[in-house]
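Just so you know, we're using our numbering here: the sequence shown kicks off at 6 and counts up by one.
Since the hints were derived computationally from the structure, they do not count as laboratory data.
Treat the hints with caution; some may be incorrect.
[Claimed, not checked] Derived pair list, reagent style DSS-like, types lysine-lysine, alpha-carbon separation capped at 25 Å:
(1) LYS829 / LYS817
(2) LYS487 / LYS500
(3) LYS652 / LYS836
(4) LYS16 / LYS113
(5) LYS390 / LYS325
(6) LYS747 / LYS480
(7) LYS500 / LYS407
(8) LYS787 / LYS694
(9) LYS46 / LYS16
(10) LYS787 / LYS807
(11) LYS407 / LYS480
(12) LYS224 / LYS46
(13) LYS325 / LYS244
(14) LYS477 / LYS390
(15) LYS745 / LYS757
(16) LYS829 / LYS486
(17) LYS480 / LYS390
(18) LYS487 / LYS407
(19) LYS95 / LYS46
(20) LYS781 / LYS768
(21) LYS652 / LYS745
(22) LYS774 / LYS828
(23) LYS747 / LYS277
(24) LYS787 / LYS817
(25) LYS690 / LYS781
(26) LYS781 / LYS694
(27) LYS690 / LYS652
(28) LYS828 / LYS807
(29) LYS774 / LYS747
(30) LYS550 / LYS487
(31) LYS745 / LYS503
(32) LYS314 / LYS244
(33) LYS102 / LYS16
(34) LYS113 / LYS18
(35) LYS777 / LYS652
(36) LYS820 / LYS807
The model shown is predicted, which means the values in this text are computed figures rather than measured ones.
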Amino acid sequence: MNSADLKSQYKQKIFRLLGSQDPIDSSPIQSNDEFWEIFWKEPDSAQDIYNLLTFNDLKLIRDSNKSNFLNWIRILCLKLIELSKIIQTKPNDLNIKQLLNCIRYLTKILPILFEKLEFTQDINNLFWNLNYNTIDINSPNTGNSDNATIGTQSTDTIDSNFTNSSTKVRINQPLFPKSPDSQTVHIGGGGNIQNKCLGENLIHILVDLLFTRGFTLIKNDVLGVGFKIWEVGIGSNGKYSNPTPELDSNRLEVLRLILTLSSQGLYIQPTKIVSTGSRFLTILVSTLGKLKILTLICSLLNLICRSCKSDPELNGLYYKESQFQNVKYQDLRRSFITISLNLLTIMIVYPIPTNDVQFLYKLRILNSNEKIHNLVRSYFGRLHKENELNFISNSIISFLNKPMEQSMENELNPFNLIKSISPNSSSSPSNSSSSANTLTSNLSNYSSYLPNLSNWNMELTILLWELIQSNKNFKNFIYSKKVHELIIILIFHLKHYKSGLYKSNLIRIICYFLTYLTSDPQVQTRLITPINQNYYYNQIPNFFKISNLNNNQIGNLTWRDFLIIQICSILSQDCSSQQFDFIITPNFFNYLYNLIPIKQDPISTTSTSITHLKNNKNFLSYQASLSLINLISKISENKSFLINPIKLDLFAILIRSLINSCLRFPQESRSLIYNIVKHEDIFRKLLSKIETYDLNDDDTTTTTTTTTTNDDEDEAQDDSQSGTDNEEQDEDEEFEESLKPKPPIGMSSKAKSKLPIDAPLSKTWTGFKALKTLIKFIDFIKEEVQNISTSTSLEIMEILIKIENIPDLELKLLKISSSEFNKKTPFETLKFNWSSISLGWYESILWGDVFNLNSYQYQKNLNNHGNSNWFLNKGKNSGLSGLSSLKEVANNWGFNWNNKNQSNTNEFVKNWEFDQSILQINIWNGSGIKLFKIEKPLLEKPLVDVNNLMKKLRLNSSASINTINTLESRGESRAESLNSNQLTPINSRTSFNTPRNSIHINSRQNSFSNIHESPFRN
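Let's have the full structure, built from the sequences with the hints guiding it.
This is the structure in structure tokens:
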């Protein structure tokens, strides 16, 4: 449809769905009416579907004629199922075009259906009722059979071979015992009862379409569905083949529809998303046969892992054929990878709601004796081979490490070398309480070195966290080989990107991920090992290294020391800033609380030589201890920490971490003890300040500034919004509390609520007891070891030996410490707590990211502002313009899987033309999303506004939109009204950014057994 006249006429046909205004002739359109054929026969391109009808048009149809609207969706679904079976035997251009038109219409329409909560029962009747779809829709003009076999598995079993993978599989056998997949469905022709509900059929058919020869797989002598993994890797061994744009395009559109079907949760409040979920997603993750689900997730995972590679010859980010090196084809490949990452991450995160368990049994989708599992998590939980674990971890972690690698490359840029400052000054650290940030480089001098972050970083971080949670083997592998590198990468992101608003959700995910990691004793044990100097000097940017330390001093540091110094540097900057981030900054105090009191394995100390003790590199280092003292000094001088309850609690956590370390592990904390006693004045002044501080002296805590206005209109508007604002504030507070770790003993809200409101700070501050105990500890050490305060740098080692060898030290410390700091009392780290609330907000963040990544204008704005995927751009700047001249690259993973090498795909695309408009859509924009907030949705303008067009043009006008390029440019201009801030999810607000990591299947229910409304049942 290249002309405006044709488009207007087509749109007028569609508006027949509105129905007649004459009540006498208001009957719905019959299912066998020829009218329905216009939806799969007449559109020539995706633009004819996505841009012709606006969301307002669709809502008008939905609200004006509910019967026609629902029947429209039903007929498109049934036609899609029919065409999917036809292309298994006749994958010609006409059938594929009609199939894609059905897919595109459903992708466009379904969000408008899902947003209408009043249609919930209708949705259930449409998709989840066995008898609803038996109406005869067979048109006498179609010439097609009225029989369709749904769910048959291919007899081709040689494409994917899992015999040598971690998960054994029997071909055509379900992962868990269930009823057969193959059932026969009669569409029309005598009222045959469908054995599967439409929703289940649709999901199964769409997955089959992802592996249909001639459509999403290379066509060969054998047609039909063949479960062949798209990329080599897990479950498939062989050579890398060049990606094929036609296959990618078709896969992209099918995946997009699956994602759209799974997005019902977008129209549910975050507090209800976990218990409600999406039935389509439940079907997808729990009912597919084993071969089908393994092929799907291996295809998605291998594609993602391949794309994470830095080698442009291996990562498959670009098509090597010369005719496919235009930017639009690069966008196609990137969009295909992105939506694959979206779907895989959503699938592994998804907790199956309890109600859906009963629903699966009721419709006999699964037998009542079967236990319902998220099969994606179940499969990932079974991976155990080291080469598989290494393949996944290397791919994801190396991609997350790209910003550090690129920063190092930027440092070598001759234009930046002039501004660089050597981080390895030979000067020794001073014993004075200098500012903590003297141990780290100044970020402002190196901001030009930082690259933009990839759009994939957040979901890759979530995917990595999920794999650690769901697979014990993967967790142990990461902790034993990769955890040091991983935590350094995460801290680098927090330090240098936490102020970037466009990646605020990524930063919050990283914050809670680090809380999870640092609270794990297994990780803590790894962090007190000496830092790898080769890694430190060759893989960390200079501006991220520790300054003022020589090579010998670096060699004596542990990974924990490095982290503590970096965290103290971050906090020193944050605490002095006028804009304190009450969501991000508290996490750094939690890290310190977890990292400072770490016990190492006992070491014999029969030798008291200086050399022996000096070489014990697992103790908390002098440099890390000094950084902590400097941080406390800076906070003590900041008056805002004494008047803000949240800051006071954070300060209390820091003081408690010091006293816990000193009293529980005095030998490991000898350097910390030395610095505490050396700088005792800091703590004594703090104690005096707390004891003498009167809250009533500070007007800012008891009075509020009120502003009066004579503007009655503004006052009325404020009154009208007060109810909504109060509700959001209450909701914010609930979610903020759900994200906080369980506080240490004596710091809970219940304990603080028992204190009188007007009590002095010495009575109400939760760190006062720890500070008093610390002062007693200082006095005790001064009695046992003389002249610490006046010691010189030459005497430090001798004093450390004396501290470590105080006779009967542990017995003496028992007299000083209270029960909560007593060594006999277990020390509990601060952990991230999982609940239905935090889990719901975690899903909201994930879906918010999916929403943005599938918004054409959002991606366009990122590109315009230089925030596009720098990793992809790097490939384009690496001499890849001549990709066609590059040699074929083969990479044998050595996994010993027997599989045929994937064949060359060049001939498959000779006569294919790419429809670029499939990339220029916004799937959910304009629908009433409730899972997160969209500040200002994109206002769609149709390609053809029928009313205005009729006023300006005659029906026989020759005016038209002449070319596809013109249409594309017009589509882009229509979207220009949107800026990047208009697609900000609600979870960009501080309290709305809640990470959720999925919990191991077997432990998830136990983790929430004490929650009254726990929705988890897997």
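Hint by hint, here is what the structure shows:
For the proposed pair LYS829 and LYS817, the alpha carbon gap of about 14 Å is at most 25 Å, so the pair holds. Restraint check: the Cα-Cα separation between LYS487 and LYS500 comes to about 20 Å, which is no more than 25 Å; the hinted pair holds. With a C-alpha separation of about 19 Å, the suggested pairing of LYS652 with LYS836 holds against the 25 Å cut-off. A hinted pair counts as satisfied when its Cα atoms are at most 25 Å apart, and LYS16 with LYS113 qualifies at roughly 15 Å.
Taken as a hint, the LYS390 and LYS325 pair is broken in the structure, with Cα atoms around 33 Å apart against an allowance of 25 Å. A C-alpha spacing of about 24 Å is found between LYS747 and LYS480, which places the hinted pair at or below 25 Å, so the restraint holds. With a C-alpha separation of about 16 Å, the suggested pairing of LYS500 with LYS407 holds against the 25 Å cut-off. With a C-alpha separation of about 23 Å, the suggested pair LYS787 and LYS694 falls inside the 25 Å cut-off, and the hint holds.
At most 25 Å may separate the alpha-carbon atoms for a hinted pair to count; LYS46 and LYS16 meet this at roughly 14 Å. Taken as a hint, the LYS787 and LYS807 pair is honoured in the structure, with Cα atoms around 11 Å apart against an allowance of 25 Å. Distance restraint check for LYS407 and LYS480: the Cα-Cα separation of roughly 22 Å lies within the 25 Å cut-off, and the hinted pair is therefore satisfied. In summary, the hint linking LYS224 to LYS46 is supported, as the alpha carbons are separated by about 24 Å, within the 25 Å threshold.
The straight-line distance between the Cα atoms of LYS325 and LYS244 is roughly 15 Å, inside the 25 Å bound, and the hint therefore holds. In summary, the hint linking LYS477 to LYS390 is supported, as the alpha carbons are separated by about 12 Å, within the 25 Å threshold. In summary, the hint linking LYS745 to LYS757 is supported, as the alpha carbons are separated by about 16 Å, within the 25 Å threshold. Using a Cα cut-off of 25 Å, the hinted pair LYS829 and LYS486 is violated, with the two alpha carbons roughly 32 Å apart.
Between the alpha carbons of LYS480 and LYS390 the distance comes to roughly 13 Å, so the proposed pair stays at or under 25 Å and holds. Distance restraint check for LYS487 and LYS407: the Cα-Cα separation of roughly 15 Å lies within the 25 Å cut-off, and the hinted pair is therefore satisfied. Restraint check for LYS95 and LYS46: the C-alpha separation of about 17 Å stays at or below 25 Å, so the hint holds. Distance restraint check for LYS781 and LYS768: the Cα-Cα separation of roughly 18 Å lies within the 25 Å cut-off, and the hinted pair is therefore satisfied.
Between the alpha carbons of LYS652 and LYS745 the distance comes to roughly 14 Å, so the proposed pair stays at or under 25 Å and holds. For the proposed pair LYS774 and LYS828, the alpha carbon gap of about 16 Å is at most 25 Å, so the pair holds. For a cut-off of 25 Å, the pair hint linking LYS747 to LYS277 stands: about 23 Å separates their Cα positions. Using a Cα cut-off of 25 Å, the hinted pair LYS787 and LYS817 holds, with the two alpha carbons roughly 13 Å apart.
At roughly 14 Å between alpha-carbon atoms, LYS690 and LYS781 fall within 25 Å of each other, so this suggested pair holds. A hinted pair counts as satisfied when its Cα atoms are at most 25 Å apart, and LYS781 with LYS694 qualifies at roughly 17 Å. Using a Cα cut-off of 25 Å, the hinted pair LYS690 and LYS652 holds, with the two alpha carbons roughly 18 Å apart. Proximity of LYS828 to LYS807 is assessed by CA-CA distance (about 21 Å); at most 25 Å being required, the pair is judged to hold.
Simply put, LYS774 and LYS747 have alpha-carbon atoms about 19 Å apart, close enough for the 25 Å limit, and the pair holds. Between the alpha carbons of LYS550 and LYS487 the distance comes to roughly 19 Å, so the proposed pair stays at or under 25 Å and holds. Taking the CA atoms of LYS745 and LYS503, the gap is about 19 Å. The hint holds against a cut of 25 Å. The suggested pairing of LYS314 with LYS244 holds, with an alpha-carbon distance near 15 Å, which does not exceed 25 Å.
About 19 Å separates the Cα atoms of LYS102 and LYS16, which keeps this hinted pair within 25 Å; it holds. Using a Cα cut-off of 25 Å, the hinted pair LYS113 and LYS18 holds, with the two alpha carbons roughly 17 Å apart. A threshold of 25 Å between alpha carbons decides the hint, and for LYS777 with LYS652 the separation of about 19 Å falls inside it, so the pair holds. With a CA separation close to 20 Å, the supplied pair LYS820 and LYS807 stays within the 25 Å bound.
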